[in-house]
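With the first letter of the sequence shown counted as 1, position 253 gets the number 252 in numbering that gives the first Met the number 0; the numbers rise by one all the way through.
You may find that some hints are simply not true.
Claimed, not checked - Label-pair ranges, simulated between beta-carbon atoms:
1) Ala103 x Gln234: 42 to 50 Å
2) Glu43 x Ala3: 34 to 42 Å
3) Thr105 x Glu178: 32 to 40 Å
4) Val115 x Arg17: 18 to 26 Å
Hint data in this document are derived by calculation from the structure and do not stem from the laboratory. Quick reminder that beta carbons are idealized off the backbone N, C-alpha and C, glycines included.
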Amino acid sequence: MPGAAAAHIWRYAPENRRPRHFHLEPELNLVAAGSGKFGVGQVEISVAAGDLLSWPPGQDHVLLEASADFDLFVIGLTPALSARVLGDHRARPHAGPTRIRIAAATLARLRPLCAVPLELQDRSVVERHVGDLWRDAHTLRTATHDRHAFTSRALVSLIERPDLGRTAVATAVRGYPTEVSRHFHRDMGLTLTAYCTRLRLLRFIQIVDGGTENFLAAAFEAGFGSYSQCHRVFQQRSPAARATSLGPTSATR
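Kindly produce the complete structure, drawing on both the sequences and the hints.
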């Protein structure tokens, strides 16, 4: 987010295309024109004008292909602002589908709202504008469901408690661990265990960015069983991190 903003809208530019990534913030992608293809977990999704895509926290995604006339708006905001905007329905945005088709009239209404220049606007104005869009998109997403109920419930539980293990998640969603894991893997394109690990890693980074100098305590607070486990995951998920000072000797800082 620019500066201290809690929300923003970016317009796709070929020179700014990002590699496969995931993050703590929930995100929406509105395809306003053209066509393309996204990689999501272990699957690929073809998209076209009128597609609204939703990436919950920790869901990896990457734009693989884009037509010459591809026009995409990326709408992002912090989990805290999302919860405030959605109020009593704050747990539901992560239960919606990854992609829905919206009507041409809806696309015609949303596109100019996304294209409003935000760079020179006051922070509160930007957050209110993005919040209104987020609320509208949430209504569209929750009107359609293409994920199994176990996956939707598991997402809500894990985003609130990334320290939960597979058995605990299954208990929370009232299903058998193997059944919950199977549906989650099919719907999300990655295993339940891998998703849990991602959320814990993101939580660890958030804690460290908050100013703590005790990496060991941060690892435990994020839900890891040990600092060595956290360090191993950090190195595996972020090749660039191998050049940082986040080594085993830092655990007691």
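Consistency of the hints with the structure:
1. Ala103 x Gln234: 42 to 50 Å: 47 Å, holds
2. Glu43 x Ala3: 34 to 42 Å: The hinted range 34 to 42 Å holds for Glu43 and Ala3, with Cβ atoms some 36 Å apart.
3. Thr105 x Glu178: 32 to 40 Å: 36 Å, holds
4. Val115 x Arg17: 18 to 26 Å: 23 Å, holds
Checked against the numbered hints above, the structure breaks none of them.
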